[in-house]
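> What follows is the residue order along each chain.
There are 4 protein chains.
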Amino acid sequence: MFNFKNDYSEGCHPQILEALSRTNLEQTVGYGLDEHCSNAAALIKKAIDCKSADVHFLVGGTQTNLTAISAFLRPHQCVLAAATGHVNVHETGAIEATGHKVVTRPTPDGKLTAALVQEMVNEHTDEHMVQPGIVYLSQSTELGTVYTKWELEAIHACCKENGLLLYVDGARLACALTSEACDMKLTDLPLLCDAFYIGGTKNGMLFGEALVIVNDALKEDFRFLIKQRGGMLAKGRLLGLQFEEQFRNGLYLELGRHANAMAQRLQEGLVAKGYPLLQHSPTNQVFPILTPEQYQLFSSFVLFENWANLFDGRKAIRLVTSWATKQETVDTFLNQL
Amino acid sequence: MFNFKNDYSEGCHPQILEALSRTNLEQTVGYGLDEHCSNAAALIKKAIDCKSADVHFLVGGTQTNLTAISAFLRPHQCVLAAATGHVNVHETGAIEATGHKVVTRPTPDGKLTAALVQEMVNEHTDEHMVQPGIVYLSQSTELGTVYTKWELEAIHACCKENGLLLYVDGARLACALTSEACDMKLTDLPLLCDAFYIGGTKNGMLFGEALVIVNDALKEDFRFLIKQRGGMLAKGRLLGLQFEEQFRNGLYLELGRHANAMAQRLQEGLVAKGYPLLQHSPTNQVFPILTPEQYQLFSSFVLFENWANLFDGRKAIRLVTSWATKQETVDTFLNQL
Amino acid sequence: MFNFKNDYSEGCHPQILEALSRTNLEQTVGYGLDEHCSNAAALIKKAIDCKSADVHFLVGGTQTNLTAISAFLRPHQCVLAAATGHVNVHETGAIEATGHKVVTRPTPDGKLTAALVQEMVNEHTDEHMVQPGIVYLSQSTELGTVYTKWELEAIHACCKENGLLLYVDGARLACALTSEACDMKLTDLPLLCDAFYIGGTKNGMLFGEALVIVNDALKEDFRFLIKQRGGMLAKGRLLGLQFEEQFRNGLYLELGRHANAMAQRLQEGLVAKGYPLLQHSPTNQVFPILTPEQYQLFSSFVLFENWANLFDGRKAIRLVTSWATKQETVDTFLNQL
Amino acid sequence: MFNFKNDYSEGCHPQILEALSRTNLEQTVGYGLDEHCSNAAALIKKAIDCKSADVHFLVGGTQTNLTAISAFLRPHQCVLAAATGHVNVHETGAIEATGHKVVTRPTPDGKLTAALVQEMVNEHTDEHMVQPGIVYLSQSTELGTVYTKWELEAIHACCKENGLLLYVDGARLACALTSEACDMKLTDLPLLCDAFYIGGTKNGMLFGEALVIVNDALKEDFRFLIKQRGGMLAKGRLLGLQFEEQFRNGLYLELGRHANAMAQRLQEGLVAKGYPLLQHSPTNQVFPILTPEQYQLFSSFVLFENWANLFDGRKAIRLVTSWATKQETVDTFLNQL
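Chains as they are written, first to last, in this note's numbering: chain A, 1 to 337; chain B, 1 to 337; chain C, 1 to 337; chain D, 1 to 337.
Hints in this document: simulated from the structure, not taken from any laboratory.
All clues given are correct.
Within a straight-line C-alpha distance of at most 30 angstroms, the following computed DSSO-like cross-link-like pairs (lysine-lysine) qualify: (1) C/K5 - D/K219; (2) C/K160 - B/K219; (3) A/K219 - B/K5; (4) D/K51 - D/K219; (5) D/K219 - A/K160; (6) D/K185 - D/K149; (7) D/K219 - A/K219; (8) D/K160 - A/K219; (9) A/K5 - B/K219; (10) C/K219 - D/K5; (11) B/K160 - C/K219; (12) B/K219 - C/K219.
Excised from the complex, chain A in its bound form (with noise of 0.2 angstroms):
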């Protein structure tokens, strides 16, 4: 059986397995406090080119998007997002569990746009009505889409006139980053929003997301947030020593690259079967559009994640590659396909 489910199907990356069994037994202060964590804040500093920010790691992704969004609001605010927005369809409500809307627009590409921020904005006239507060975009989408430089420099302008905070999760940074669609580094990020995340359980860690505050109004006290939303893990160090793994050497971009290239090779040789693309994608995530037939042939023999149905009767499938796809599965699966 293949198995293109997800980006988190298997553990971690050796490197970091060895970093783990390596400072087993050391003894640290709990809470993130160690020097592992103080290491790996320093190089993830280092390679967004911002001294000033604070760096906080946490588990999961969900649990770092409520986290940051519920800090960073005054309780009469909302989130605008896309309506495909993983804050407001796949997060079981986290946000509104703390007490904020999630106001969304439809997209056809998972990606917002300037317009649309402005267009919710405008919505938003009184007192009767929630007040947008920040704009939550992923980066990459969904939908496997990237924003270009001059997207989110656009999406930061209206933020910025409309005096909203800027947040972008970034799950998949690594894998947006490293595409060819994405004209983007790591350097940009600081510049563009005030805070964002770098993903470390889709891409090679155990688990692990590093927030990233950029706007000093945003800082104070976080750390009281993680604790109460139940965030700060004990052991902390082990955040800390696998981001240090990836920002060591270049680990944490290499790893995006290679899903991608296993990624586009997928949907290259789908698209050579004739197989149609419910929407190209320039990263790890994959949308192949298959009949019925199709689709019973392809749960015969692979995994793979129910995306949408079509109106004709057709289904629209994803398929996700990862750090740890090696060339020959994605070969061999389109052989036997």
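Go by the hints and put chains B, C and D onto chain A.
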């Protein structure tokens, strides 16, 4: 420098590390729906002799407490706890952040009693007050003390009589159950509580707590709540496989027994040297009282936690042992003292 | 200056004012436990022909909606509503502030349908998404339209089939039930909804909404929730005695009927003068579409609410009549136009 | 049957009722944006001698407390209060329902002190605990006692030193300020608090509290919060015109003075008859201690509130007077006793 600061200073027990390495490249489904998790749940249900229980794996104690308690209570219901209870003092108001008050009583030894519970119930008489909904207690307590079976039965009976749920925080359950002061077994817990958790973080795991829901009325849709609160680990198998190791061949209680033995050796040594105790502890936390001079001495060669400032200028400190504490370390420490 | 801005511009109907004066120096117990409240509840239960219902009196609509919905749902459950629904747009995220998502569908006439409800249910497939818990609809809607009995029965059946609760916001229930477009009676409501409220604020009272809980499973401890959300009026009898007047001798529906008659006269007059309507309304809200010149004219001599900016530069406005609107006022307004 | 159960047993003062009748058919805009509200706010700002304050009108005390405190605090911050504080005991956990812990100290007379505040601050040392954010106190307290200006200045200074906000619940402010035990004036409040409310419900109004926000940092977007918590009254002018009457010609303090005079006459009468007091009260609440026989006697001809069960079997009860209490009623009651 000696380190008795807590029981989560190291990584994990070698047997667990080995399991992580061995399974690293296995491909599994995410979110705790894999075979390691189902196998670990089966082992736990066997160990507690309760086939009908639901077992959920979460990363940390605060997250487990807040997710469980907020799932079990209606909005107007409160938690009853000892004033020293972890949910009252050391979780940054995590329970209140989900909307629920924690009502407390001071207790010298960190233990609730049926009488205290009844007293709190009696004070809440109408709809202008919160409604007692659940009793929270820790086994062992934050002061290292333990509840005997008889004591827990009395609280259990009081809960039944007043329509209250009973929840046991087992962050240090292994140490409680292997303490000479405790006559309870794992199999007693499902008979006395509506829900409890078996703590892994403080007993040799990288992280992880196993929440056991015994009361059928509390089981429905619990996974939604885990996800909503940010506690659903993508690579959930990491939790399952660690608990597999703990319950496969008795490691869980063995590690608790070792931590206790080290603490008792330490406690006896301190008493022999004339140090008074804030509270005699039968488990893995020791609370000597130090004069300012002694405090300075200790600070110079051992890491510990400050616990309380006494009125006469002395301080109580906390020394903690763990699965990783070596007997020679305790002996050397006592000798150097 | 004419004033068609809303249906709560004046104080209260003279009969209600008289009752307030007459009873002013009576001494009663507080918090709605007095005889006026129990008498009003009895009158309402008789009017809706449902002896088993619980009736609670609250001050305003947003408070009633948020208290009821947050009491009825578990934390992971959401509200299903029309995109124009009052809880979605005009309550500053009050529902989300209690932790619950509002999931919506756009509807041209402000009305949900069973098909739309089913569509939203079908999209929520697993624990990574919120769980549909309750359907919210307004009778009449924010666009002045009404549900027929058949339409509500279809939604009711869809709710039953999917295990959903059905809640009706009756802020303008008197106008809905007395509209020629509506074939429902007060006695139909308990047969079709789990809970609903009978709006007083917009129907001649100083303030006050009567929440009717029909479903036994939703009744327990509801007064705790009213108090917790800040909605328990100390001098609760003010709510009771106003509703006594409304339901003592048929005033409630009579006031709605009058408001409708005035609005229909206004709507017909506008149509006769060639004004197109955004939506034909059979109740007390009228939505003419104005050119910029007409808009300027209207603004010069009548107070109204802006409703929507059309793509061609025209604007839809809202004119509202009430129990206090006089026929001669409508006629004079139309003549001056 | 005599009735000393509370100070909100009747409707409203005749002057206020007259104003309601006189203005009943005026047409005004809704939500407190009318001229009565702006006029009342101006009168209050003049009475407290603070032109820069923001004044908001809400319906009741619990709603005012929860809306203000949740608007002023960040999620990890807590309220510091006396254990008897209204927000701690008698609001069904309303503050916790907005996410914030209430940390308390027992006090014999219901009054906080600077020392108690400092003690609570000192105990909260790190991010594993909630962060003290605001001090809550009632003037007069739940036990009828009052803070002198010097006492409030000491607490104010302690707050400043520790970066805490100070909030005064003035549900019975009129009685406090007109008590012989109190040397404070309305004009002292803006100098000592960040926010406070002037209670109307318990001082002759149908309902209504005037929240005064002095601290500029707390003013932004406050109307959003009122709406979100369900506290924005559609016919807001009802609040404005009642407060106009209160502050137009000194009625507010006059009514408090009368209530105090009646209570002092009652208290002195009881003491003269040999009844001990739980707490001498200089305001409108009186707390005699009754033997079981006396309790039975009282129960037979007067309505009152139970307050506390003493250890020796006696009970403390609460008798309350108000603007509506007549001297002859007090005298007849004492005579019949």
